[in-house]
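From just these sequences and the hints, can you work out the full model?
Number of protein chains: 2
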Amino acid sequence: MRTRPLKVALLGCGVVGSEVARIMTTHADDLTARIGAPVELAGVAVRRPSKVRAGIDPALVTTDATALVKRGDIDVVVEVIGGIEPARTLITTAFEHGASVVSANKALLAQDGAALHAAAVEHGRDLYYEAAVAGAIPLIRPLRESLAGDKINRVMGIVNGTTNFILDKMDSTGAGYQEALDEATALGYAEADPTADVEAFDAAAKAAILAGIAFHTRVRLDDVYREGMTEVTAADFASAKGMGCTIKLLAICERAADGGSVTARVHPAMIPLTHPLASVRGAYNAVFVESEAAGQLMFYGPGAGGAPTASAVLGDLVAVCRNRLGGATGPGDSAYAQLPVSPMGEVVTRYHISLDVADKPGVLAQVATVFAEHGVSIDTVRQSGKDGEASLVVVTHRASDASLAGTVEALRGLDTVRGVSSIMRVEGE
Amino acid sequence: MRTRPLKVALLGCGVVGSEVARIMTTHADDLTARIGAPVELAGVAVRRPSKVRAGIDPALVTTDATALVKRGDIDVVVEVIGGIEPARTLITTAFEHGASVVSANKALLAQDGAALHAAAVEHGRDLYYEAAVAGAIPLIRPLRESLAGDKINRVMGIVNGTTNFILDKMDSTGAGYQEALDEATALGYAEADPTADVEAFDAAAKAAILAGIAFHTRVRLDDVYREGMTEVTAADFASAKGMGCTIKLLAICERAADGGSVTARVHPAMIPLTHPLASVRGAYNAVFVESEAAGQLMFYGPGAGGAPTASAVLGDLVAVCRNRLGGATGPGDSAYAQLPVSPMGEVVTRYHISLDVADKPGVLAQVATVFAEHGVSIDTVRQSGKDGEASLVVVTHRASDASLAGTVEALRGLDTVRGVSSIMRVEGE
Ligand SMILES: NC(=O)c1ccc[n+]([C@@H]2O[C@H](COP(=O)([O-])OP(=O)(O)OC[C@H]3O[C@@H](n4cnc5c(N)ncnc54)[C@H](OP(=O)(O)O)[C@@H]3O)[C@@H](O)[C@H]2O)c1
Ligand SMILES: NC(=O)c1ccc[n+]([C@@H]2O[C@H](COP(=O)([O-])OP(=O)(O)OC[C@H]3O[C@@H](n4cnc5c(N)ncnc54)[C@H](OP(=O)(O)O)[C@@H]3O)[C@@H](O)[C@H]2O)c1
Chain P
1 MRTRPLKVAL LGCGVVGSEV ARIMTTHADD LTARIGAPVE LAGVAVRRPS KVRAGIDPAL
61 VTTDATALVK RGDIDVVVEV IGGIEPARTL ITTAFEHGAS VVSANKALLA QDGAALHAAA
121 VEHGRDLYYE AAVAGAIPLI RPLRESLAGD KINRVMGIVN GTTNFILDKM DSTGAGYQEA
181 LDEATALGYA EADPTADVEA FDAAAKAAIL AGIAFHTRVR LDDVYREGMT EVTAADFASA
241 KGMGCTIKLL AICERAADGG SVTARVHPAM IPLTHPLASV RGAYNAVFVE SEAAGQLMFY
301 GPGAGGAPTA SAVLGDLVAV CRNRLGGATG PGDSAYAQLP VSPMGEVVTR YHISLDVADK
361 PGVLAQVATV FAEHGVSIDT VRQSGKDGEA SLVVVTHRAS DASLAGTVEA LRGLDTVRGV
421 SSIMRVEGE
Chain V
1 MRTRPLKVAL LGCGVVGSEV ARIMTTHADD LTARIGAPVE LAGVAVRRPS KVRAGIDPAL
61 VTTDATALVK RGDIDVVVEV IGGIEPARTL ITTAFEHGAS VVSANKALLA QDGAALHAAA
121 VEHGRDLYYE AAVAGAIPLI RPLRESLAGD KINRVMGIVN GTTNFILDKM DSTGAGYQEA
181 LDEATALGYA EADPTADVEA FDAAAKAAIL AGIAFHTRVR LDDVYREGMT EVTAADFASA
241 KGMGCTIKLL AICERAADGG SVTARVHPAM IPLTHPLASV RGAYNAVFVE SEAAGQLMFY
301 GPGAGGAPTA SAVLGDLVAV CRNRLGGATG PGDSAYAQLP VSPMGEVVTR YHISLDVADK
361 PGVLAQVATV FAEHGVSIDT VRQSGKDGEA SLVVVTHRAS DASLAGTVEA LRGLDTVRGV
421 SSIMRVEGE
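Taken in order, these protein sequences are the chains called P and V.
According to full-length UniProt numbering, the first sequence holds residues 1 to 429 in order.
According to full-length UniProt numbering, the second sequence holds residues 1 to 429 in order.
Careful: at least some of the hints might be erroneous.
Just so you know, same-sequence chains aren't split out, so a pair can sit in one copy or run between any two.
Calculated cross-link-like contacts (lysine-lysine; reagent style DSSO-like; alpha-carbon spacing at most 30 Å) [as the list claims (entries may be wrong)]:
#, residue 1, residue 2
1, K151, K7
2, K151, K51
3, K7, K51
4, K51, K70
5, K70, K360
Simulated from the structure, these hints should not be mistaken for lab results.
What follows is the structure in structure tokens.
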């Protein structure tokens, strides 16, 4: 066993970073045994140097992250600051100065993963980021390594705990969106500004990362279709229940049936209560993977939180340290397949559409004609009405998103259709 | 990219091996891209050379596995023969001749893992065996690598598909054990001789492997307490339902509360219907992992079958080939913690005990006294009786297996106790 310790620079010491530092200290002996050499916290970069940080030697704390990364003796940089800058520059600087990098930064990885991977390769270093997707759940390593001999066809998951908490509340209590969001905020599950979660920016970043790994293809954040969950209503949940479904915000990465292209999207969707993802409660995450040989796999666990996220960061830290000792690098980025990413219009799925219509004879025939004209085949229709007002709930067979959009536009043009009150995709069947 | 192919010797071409060969051929380009060099099937060892094997070049087929392994130009040996010999000797011979090894052989790994790992280390080669536990489910890599920075406290799983199929049938149809087994046999889920599955030898081998990896400790097959599921009755399922539970054959590897020792055991147990493992249907496998930082994780998927098992074998093959190209070895065996493995008597859990008793006053008091004398605290008692015969169902609080065994022995000695009709552990609460 080597005794010169591997030196770790910790950039950020907030929710995740403080747990990383704590575990590095309390479990130092285990880490040493598993890596084959001791690891030493060589410096901790923060914004507020005077903040008291339990268990952190104040002499290690600095506000000059750049100088820490440039010291030249750092083996591994752990980036848990978050955001684009200064994280991006710090990571590339780390590579330039010979360090490998472990990051939990989904926003940055989704936006600039290609450039960061290229920098890692250029300098012969590792870039690991298991914590960036689904927190503690081992997902990136299983997709990249365990399934390296298989062909992944679909990744479908609940990858944002905040929105799952809100949707689960709406489902179990009948609450509306705002009420459920308020409770999530009060309990600390939602941030003061919940935009990144509820508008699905966070989930979209994760979808881009997952699709890239699953399909060995470069998937940019802009390639991901994104629809938030702020419009989901109690009425949608009631409709879903009527169909034996619930509603989840899903990240879905799919290979087209002909294998020639892929899609990535994030939106609320109805899924059958019998689907394993339907029973994922509270702030938990779960990801369902379908591959050619392995079949259906599911990975489940806490998608966020200081300690769970730190578990993933430390797993990466051990791997990266072992690679350094062995003079090797791990399996890095792989985009050899270079499949085109198709736009949302080419996604094929099922739809649940609620229409407010005039309560008079012939409306259903008119509506059905519009669906038929756009090549969207109807599975079931439910009609209900009173006082001259009526509603129609249509569930379709599989059709392209473009055909559905055309259908909806045409429906809106009908005199007898007062409004399209909700459109929701139906997945997992 | 290197163009000299890596040479793979396939030992065994049955259910799993034939799928490995098929995928190596049909997905050759993907494997090449992911490994960084082509892989070539250099030879296939079987018992019956004349059997027609679709897609396998007859010129590659041999019955002399030893000569194949000794050829000297083999980079990776894939052992999917099964059983102890000749698999064991072939694997050690492979290391001696410079090859790394991928195996799916749980029986061999559980019995001789230590010696095989030592041989791998001695020759600087890899020994990977993701397929040996829970088929396609990535489990060994997540436990060994993703959770390398965490402290695993418990691994509890359904790791045998045959017995889960049988128990699921009994649960859903009310069938008895024999009837459910017959159906499993007819459908090909159980072998003609189902002993290895139903007496839990297979699950015990997997428990030994999982406990060793989870706790960085040598756990031998003899260290695993093993109880099969042939005695589980329809009446047990009825009792379980009354408690909001179902019955599963569980492999449970636990760290003692004081952290100073571990246990590994396999037996049928009641678990609450709300536990994620309760809803694992048919021949699926699932493993629940509890660790200090990550919390509760679950891994779910097909635990057997040719293609799923081949998926795991090929994931290992890619990793081992990459390691070879990089001149490195992966994270191998780790038993540094050297925790003692405690006997079953020290396991602490809850129990569900059914007694046939005389239907007269004072029996419950007598029975309760016996429990109290052995330090086993009672949670609930249900009494029912007719015609001078009565039954008592006792559910205990947590107690050691030794205390429970003492209690049961004393109960059997009571005049008023006609028999102990079932004892089942209650887990997952
Ligand atoms: N929290 C989770 O559950 C979770 C889960 C998965 C992934 N992640 C990812 O993990 C990363 C960190 O998240 P977090 O929740 O730990 O964030 P956080 O609690 O806000 O902590 C951020 C840390 O970075 C420091 N920092 C900010 N700007 C800095 C700068 N310019 N130079 C040096 N230090 C700076 C802060 O210093 P001060 O302490 O002085 O303010 C703080 O210690 C993010 O990428 C996030 O997406 C988080
Ligand atoms: N089947 C599963 O679902 C599954 C799941 C997980 C793990 N595993 C493990 O995978 C391994 C293989 O299982 P399997 O189901 O594929 O077994 P299998 O169908 O019985 O195939 C065994 C293969 O080994 C060959 N063989 C037997 N003795 C040999 C010898 N002395 N020399 C050379 N070849 C010999 C057989 O040759 P012939 O073809 O000529 O008979 C056959 O091709 C076992 O360790 C098993 O525990 C299997």
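When the structure is checked against the list of hints, which entries are broken? Sort them ascending. 5
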